[in-house]
Every structure is written in C-alpha cells, then in structure tokens.
Amino acid sequence: MAKKEKRDIEINSRADTLPLMGPDVRPWPVTPAPTPEWVMENIYAKRKAQDFGKFLEDNLRLDYVFDKPEALQGFRVICNGIWQISRMFAASLLSEQGAECVHIEPPTGDP
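Under the numbering used here, the first residue of the sequence shown is numbered 1, with each subsequent residue one higher.
In case anyone wonders, no lab produced these hints; they're calculated from the structure. Mixed in with the good hints, there may be bad ones.
[As the list claims (entries may be wrong)] Using 20 angstroms as the maximum straight-line C-alpha spacing, the simulated EDC-like pairs for lysine to aspartate or glutamate come out as follows:
no., residue 1, residue 2
1, Lys-48, Asp-67
2, Lys-48, Glu-37
3, Lys-54, Glu-37
4, Lys-46, Asp-67
5, Lys-48, Asp-58
6, Lys-46, Glu-57
[As the list claims (entries may be wrong)] If you anchor each label on the Cβ, the simulated ranges turn out as follows:
no., residue 1, residue 2, range
7, Thr-35, Ile-82, 47 to 55 angstroms
8, Leu-62, Phe-89, 21 to 29 angstroms
9, Thr-31, Leu-93, 30 to 38 angstroms
10, Glu-70, Pro-36, 19 to 27 angstroms
Don't be surprised by glycine CBs; every beta carbon is placed ideally from N, CA and C.
With these hints in hand, go ahead and build the complete structure from the sequences.
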C-alpha cells in the first residue's frame with residue numbers, strides 16, 4: 001500500500017473544510033493562531049476595546065494561568081450524603097477552583 005503524500009492546507013472558513021473529509025487530510029488547521037499582540041492591534045483596536053482586551057489577556061491568557069492562586073484556595077468543603085451524583089459533581093467543580101473537598105460516606109461505601 002502506497003503512503004499518501006501529506007499536504008498543507010489553509011482554512012479560512014468552514015467552507016474550506018468540506019472537500020477535506022478523508023483519511024489523508026490532517027485533522028487540525030495548519031493556519032497558526034494569531035498572536036495576542038496582533039489580536040490587540042487588529043481586533044480590540046477596531047472595536048475601541050483595548051482596555052477590555054488587556055484585561056482578558058492579563059487574566060485569561062494560557063501562559064499566565066498557573067501563576068495565579070486558585071479562587072477557592074484555603075476553603076474546605078465537606079461532601080456528604082448518599083445516592084446523589086450531583087453532590088459529587090458540585091464537589092469536583094469546587095475542587096477545580098482550589099477548594100479542598102472532604103468526602104464522607106458510610107463505612108460500607110456509597111451504595
């Protein structure tokens with residue numbers, strides 16, 4: 001079986017992806033993501049929203065995510081009850097925000 005040649009493509013809209021359905025096409029866009037500086041100059045400047053763009057870049061940029069403390073760091077949450085998956089889901093959401101969750105269940109386990 002002959003190996004198919006890989007080719008680079010540029011995706012500018014959803015219409016560009018329609019003829020690309022097949023196993024020989026790379027499953028990700030090859031057009032690189034714009035830099036934060038380019039977005040600030042071309043997107044936020046057009047909308048006169050540079051302050052908002054700076055706020056977003058300072059708080060949500062992936063490069064800075066692990067430098068910030070967690071929102072609920074220092075909180076302890078007690079999760080108790082049985083037959084409720086919603087409490088486990090709520091505890092997992094709080095844990096993702098930095099809270100320490102203590103799960104209490106019967107000695108025989110959660111039924």
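Comparing the hints with the structure gives:
no.	hint	in the structure
1	Lys-48 - Asp-67	violated, 29 angstroms
2	Lys-48 - Glu-37	holds, 15 angstroms
3	Lys-54 - Glu-37	holds, 10 angstroms
4	Lys-46 - Asp-67	violated, 30 angstroms
5	Lys-48 - Asp-58	holds, 18 angstroms
6	Lys-46 - Glu-57	holds, 17 angstroms
7	Thr-35 - Ile-82: 47 to 55 angstroms	holds, 51 angstroms
8	Leu-62 - Phe-89: 21 to 29 angstroms	holds, 25 angstroms
9	Thr-31 - Leu-93: 30 to 38 angstroms	holds, 34 angstroms
10	Glu-70 - Pro-36: 19 to 27 angstroms	holds, 23 angstroms
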